[in-house]
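Engineer: With the hints as constraints, model all of the structure from the sequences given.
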Amino acid sequence: MGVDLLNVKGLNELDQETPVVMVNPMRFRARSLDGDGLGWDAYLRYSALTVPMIKARGGTLLWTGNAETVALGEPAGQHWDYLALVYYPSVAAFIDMMTSADYEDRCDPHRRNGCEEHVIIATRESYSKFKVG
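Residue numbers (full-length UniProt numbering): 1 to 133.
If you're looking for bench data, these hints aren't it; they were derived computationally from the structure. The beta carbon of each residue, even a glycine, is placed where N, CA and C say it ideally should be. Keep in mind that a hint or two might mislead.
Pairwise CB distance ranges (calculated) [said to hold, decoys possible]:
no.: 1; residue 1: 100; residue 2: 69; range: 29 to 39 Å
no.: 2; residue 1: 70; residue 2: 100; range: 17 to 27 Å
no.: 3; residue 1: 61; residue 2: 10; range: 21 to 31 Å
Structural biologist: What follows is the structure, encoded as structure tokens:
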């Protein structure tokens, strides 16, 4: 998986100025493909480079944590090691980062070395429609 898998068509169908939260489930490799530690170690190198790029575009890392278990649904094939929620002020800011030469050349190799599987799901803030209470 790489930047070449970016769903530009799907992202371009979204309002480019709409804020988004990206849901990132990840499954790490036992060993980094570059031979430098575990998959987790490669992901930490990726994060160290990527978080400043996110912040430079007005985004922020909202939450990260270990994926413990599937709480609803069929668990088969749904094993994830780690999750991250990342806010971007616009779809355009996300696309700008992901398609930058800096991301592709410096960051994405660490992500590919560390992640066996990594999906990014774009969401829009709509929880207020369903407030409880």
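Engineer: Compare the structure with each hint and give your call.
Structural biologist: Taking the hints in turn, this is what the structure says about them:
{"no.": "1", "hint": "100 x 69: 29 to 39 Å", "result": "holds, 36 Å"}
{"no.": "2", "hint": "70 x 100: 17 to 27 Å", "result": "violated, 34 Å"}
{"no.": "3", "hint": "61 x 10: 21 to 31 Å", "result": "holds, 23 Å"}
Taken one by one, the earlier hints fail for this structure only at number 2.
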